[in-house]
Amino acid sequence: MSGHVFHTNRQELHGVTVVVNGASGKTYVGRYHERNERGVVLKDVGIHEPGNGLPLEDWLERQRKFGVKVDERALVVPNDEVVDLGRFG
Amino acid sequence: MPYPEQLVTPMRAEMTLMGAEELKTTAEVDAALGDVRGTTLVFINSVCGCAAGNARPALSLALQHGVKPDRVVTVFAGQDTDATARARQYFSDYQPSSPSMALIRDGEVVHFVHRHQIEGRNPQSIAENLAQAFDKFCGATA
Chain A
1 MSGHVFHTNR QELHGVTVVV NGASGKTYVG RYHERNERGV VLKDVGIHEP
51 GNGLPLEDWL ERQRKFGVKV DERALVVPND EVVDLGRFG
Chain B
1001 MPYPEQLVTP MRAEMTLMGA EELKTTAEVD AALGDVRGTT LVFINSVCGC
1051 AAGNARPALS LALQHGVKPD RVVTVFAGQD TDATARARQY FSDYQPSSPS
1101 MALIRDGEVV HFVHRHQIEG RNPQSIAENL AQAFDKFCGA TA
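Residue numbers (my numbering), protein chains in the order written: chain A, 1 to 89; chain B, 1001 to 1142.
Since the hints were derived computationally from the structure, they do not count as laboratory data. Even glycine gets a Cβ: it sits at the ideal position worked out from N, Cα and C. It is possible that part of the hints are untrue.
[What the hints assert, rightly or not] Okay, derived cross-link-like pairs now, SDA-like style, lysine to any residue, Cα gap no bigger than 25 Å in a straight line:
{"#": "1", "chain 1": "A", "residue 1": "LYS65", "chain 2": "B", "residue 2": "LYS1136"}
{"#": "2", "chain 1": "A", "residue 1": "LYS65", "chain 2": "B", "residue 2": "GLU1108"}
{"#": "3", "chain 1": "A", "residue 1": "LYS65", "chain 2": "A", "residue 2": "ASN79"}
{"#": "4", "chain 1": "A", "residue 1": "LYS69", "chain 2": "B", "residue 2": "VAL1047"}
{"#": "5", "chain 1": "A", "residue 1": "LYS65", "chain 2": "B", "residue 2": "THR1009"}
[Stated by the list, open to error] Partial list, computed: chain B residues near chain A (C-beta under 8 Å):
{"#": "6", "residue": "HIS1111"}
{"#": "7", "residue": "HIS1114"}
{"#": "8", "residue": "ASN1129"}
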């Protein structure tokens, strides 16, 4: 079963944790499911809102060290909210 | 809902073949992790996630390293849910994810590999990370 992977026909980032910077100033960290006409579909998503809790870099560092603290089990980030998207970690 | 046991049997076997002790009950978890000295690597096994397929071979590679933990144990997330929940209580500062790995020394988590550090990485890369942790925390002078 070495190397056994499900979902081999999915988009390249499927199953990979990504960070999405939003036009609203929010930052989303979650497992990429797919991108479609509605937006980027993420699973097990942590959300950072400016001015609410830790500064962004500290919040990101905490997610890296202790794992993603899930705020939403599933979330669609609308395409017009997505400024950029990249691998987390 | 657990996957059919027939599906996960090879994934369990992959772990035990590399020398991991499978923990299926909370009592087994407590016996393995409660008040135990030395170093223990806990592998949270997983069926899905596109990551477990690299995590298991990575650990197998890392265990060929000269320095390694005193003990390797595994619980199966989504399958042996009580045992997995109990194991996670021993590293409750860390958010649950699977697959993931916790290296525990004398009851303290000294290294943690999250799922997001496994996804999309090849087994060699993950194994190097583990081997560095073994050198740091499991060696005679650690």
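Hints, one by one, checked against the model:
no. : hint                 : verdict
1   : A:LYS65 to B:LYS1136 : 18 Å, holds
2   : A:LYS65 to B:GLU1108 : 15 Å, holds
3   : A:LYS65 to A:ASN79   : 29 Å, violated
4   : A:LYS69 to B:VAL1047 : 22 Å, holds
5   : A:LYS65 to B:THR1009 : 32 Å, violated
6   : HIS1111              : 11 Å, violated
7   : HIS1114              : 5 Å, holds
8   : ASN1129              : 11 Å, violated
Comparing the model with each earlier hint shows violations of hints 3, 5, 6 and 8; every other hint is respected.
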